[in-house]
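Enquirer: Here are the chains, one letter per residue:
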Amino acid sequence: MPERDRDQSVEQLLRRVMSDDITPLEEACVDGETIAAWSEGSLRAAEASAVERHVAGCSRCRALMASFVRTTPPQPVAESLWRRWHLAWAVPLATAATAAAIWVILPDTGTAPLTNAEPIGTIARDERALTSPPPPAAQSSPVAAAPSESAAAIQSQQRAKVAESSSNELRQRADTSGNRSLADQVQAPAIARSPAEASPAAPAPPEASFALPAPAAAGAAAERAEADTKKEVATNSAPAPLAAARQAFAPIQIVAPGGTTRWRIVSGQRVERSTNAGADWTLVNVASTGALTAAAAPSATVCWIVGAGGAVYVTTDGARFTRVPFQEIVNLTSVSATDGITATVTSVDGRSWRTTDQGKTWLGVN
Amino acid sequence: MSSWRPSESAVTHLYQQSRADRWSVPVAVFVAALERSARKACATPPEPRELERVLRSLHLEDLALACACASGHEGAWEHFVREHRPVLYRAADAIDPTGGARELADSLYGELFGVVERNGERRSLFEYFHGRSSLSTWLRAVLAQRHVDRVRSTRRLEPLPDEERTPPARSQEPAQSRIAAYIRLMRRVVTAAVARLPAKDRLRLGYYYAEELTLAQIGRALGEHEATVSRNLAKARREIRADVEGQLREQEHMTPGQIDECFEAVVADVGSLDVSDLLGTASDPPDSGNSPGARRKDSQDKRSKERPEGASA
Chain L
23 MPERDRDQSV EQLLRRVMSD DITPLEEACV DGETIAAWSE GSLRAAEASA VERHVAGCSR
83 CRALMASFVR TTPPQPVAES LWRRWHLAWA VPLATAATAA AIWVILPDTG TAPLTNAEPI
143 GTIARDERAL TSPPPPAAQS SPVAAAPSES AAAIQSQQRA KVAESSSNEL RQRADTSGNR
203 SLADQVQAPA IARSPAEASP AAPAPPEASF ALPAPAAAGA AAERAEADTK KEVATNSAPA
263 PLAAARQAFA PIQIVAPGGT TRWRIVSGQR VERSTNAGAD WTLVNVASTG ALTAAAAPSA
323 TVCWIVGAGG AVYVTTDGAR FTRVPFQEIV NLTSVSATDG ITATVTSVDG RSWRTTDQGK
383 TWLGVN
Chain A
332 MSSWRPSESA VTHLYQQSRA DRWSVPVAVF VAALERSARK ACATPPEPRE LERVLRSLHL
392 EDLALACACA SGHEGAWEHF VREHRPVLYR AADAIDPTGG ARELADSLYG ELFGVVERNG
452 ERRSLFEYFH GRSSLSTWLR AVLAQRHVDR VRSTRRLEPL PDEERTPPAR SQEPAQSRIA
512 AYIRLMRRVV TAAVARLPAK DRLRLGYYYA EELTLAQIGR ALGEHEATVS RNLAKARREI
572 RADVEGQLRE QEHMTPGQID ECFEAVVADV GSLDVSDLLG TASDPPDSGN SPGARRKDSQ
632 DKRSKERPEG ASA
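Protein chains in written order, with my numbering: chain L, 23 to 388; chain A, 332 to 644.
Hints are not guaranteed to be accurate.
Once the Cα atoms are required to be at most 20 Å apart in a straight line, the calculated EDC-like pairs of lysine to aspartate or glutamate come out as [as the list claims (entries may be wrong)]:
(1) A/Lys566 with L/Glu33
(2) A/Lys371 with L/Asp53
(3) A/Lys371 with A/Glu458
(4) L/Lys382 with L/Asp361
(5) A/Lys371 with L/Glu62
The set of hints was computed from the structure by calculation and includes no laboratory data.
Please model the entire structure based on the sequences and the hints provided.
Expert: Now the structure itself:
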């Protein structure tokens, strides 16, 4: 019998023998916490080899490890958690960034329909970007489409995110009273001006990164990255100057289609409206008791706002908000809306509800 | 004085390092969590210096966040949701691209938020996080654990082929029963050869042949480069083959011709068995005409390693 056939036999036998269900009776199975610690190499040598021995001899624990490995993003293990986390985001974000970058350089005629379409699609797209495993192929096409813009965009995004995380932390550190501390709410202008100097703890991004080609595109992309991360509904502003790169650190801002009407939530409490593309802001009264977390503006006069404790508000004239009845006392974290009566809200624990009659009835989406 | 409880000065430092103050975690709660972590990490109470080393190596910020979330701190919970829900959902999609694991992720979410026990106290899954890994790694591992346990519990409900097996058919052709005997023998000797390998080699083989992970995935699991995984797999296969040939020669006293026949029997047979594995049912082997026969053969095959009888029969 030829040698190769013997090897083939061994392989075929291994396929069956290794799949035999085996459970060592004398040993307790490994729990998720230990698997996690083992995978990060933080077990002591003796414990690690005991786990290895058990997993090698127990079908259940080996399957557990296999499932776990499938969830591991394909990044070098040596990197710190923060870096890894950001890199894992980079690919889906890069796609969004390039979309933004391309959009920015389009002639004016092209922008209007895009802007109108935004509020409806935003949440869905955000969800996809957040949840899908980063497709390796996705990177190549945007890069090919707009090499310089997207490269700059990706870079500035990553930097923006690193800086953002640390400024978040700064803000959270300041937030000792135990109040809600949403990233975008507490906003010191100093942080917005320069992430590097405002947050010394951050791996300070060199300012030069913002001076790369197509700064406007990079700025818009950074803004988009921020919006994606926060899962907030935010339409992109008109082509922005270099300063827009720092707008990633502005309060939650919602741009209504058309770009001139904008809403923002300041400190999670105050709602303001601008009718001149963000130049002047006027306070709008929302009789809210808890924190407000997200908003959606499907048209210049309609805006939905959600917040803690099942709070949902809507305005259809751009001036007066009314409380929309909602059945559950649960913290809401995002909202998308198509008009003044149709909206979908998502709670902190991932459930979604949709109304098509301005909150008279809500139906669970998932 | 060995103990799992850190000294006061150590606590002050660890508390500061964990930045538990941003979630206003009470020091007593944090100390209790540290103690739980220490008990998990050390089987016996360690020396104070060792204890401090262990505690310092923990993911303290994540531990503080878990403490805060377990006690229902709203800001902490929001922070957790923002940072970790995407991780959890992405992991669920990686485990089951059809979305089946999403529901597990959601129920995990509920458990993290806290289940109200009979005495009215809220128990959160966070209490089982000990900071020995990062929070996101832990979440992924717990999700994988839930997934595997669910898969295995549903599989247990389905009848196993072994349970419906009938006594070995006596009516089989002599040639075919000899092939079946060879296959039984081969499975037995391969199992024995695998058992003699070091744990890491067995793990690598299991990941590759049973779990069907890619070389890159196995590399991630074992901290090896893809090429190393491939090389080590080939080496293990060579060792197994040499071991098998040795067993057939020396323990079974087979002639080179008989050994050849053993290997050939596997090649001739395995095609059908592989298909049956894939479909989860027994299918017809090419040389037998009926399905029950194939099933019997398969179950005999499965049990062959428990039987002392050899192939020289």
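Enquirer: Look at each hint and say if it fits the structure.
Expert: How the hints compare with the structure:
1. With a C-alpha separation of about 12 Å, the suggested pair A/Lys566 and L/Glu33 falls inside the 20 Å cut-off, and the hint holds.
2. With a C-alpha separation of about 12 Å, the suggested pairing of A/Lys371 with L/Asp53 holds against the 20 Å cut-off.
3. With a C-alpha separation of about 12 Å, the suggested pairing of A/Lys371 with A/Glu458 holds against the 20 Å cut-off.
4. Taking the CA atoms of L/Lys382 and L/Asp361, the gap is about 15 Å. The hint holds against a cut of 20 Å.
5. A threshold of 20 Å between alpha carbons decides the hint, and for A/Lys371 with L/Glu62 the separation of about 16 Å falls inside it, so the pair holds.
The structure is consistent with each of the numbered hints, conforming to all of them.
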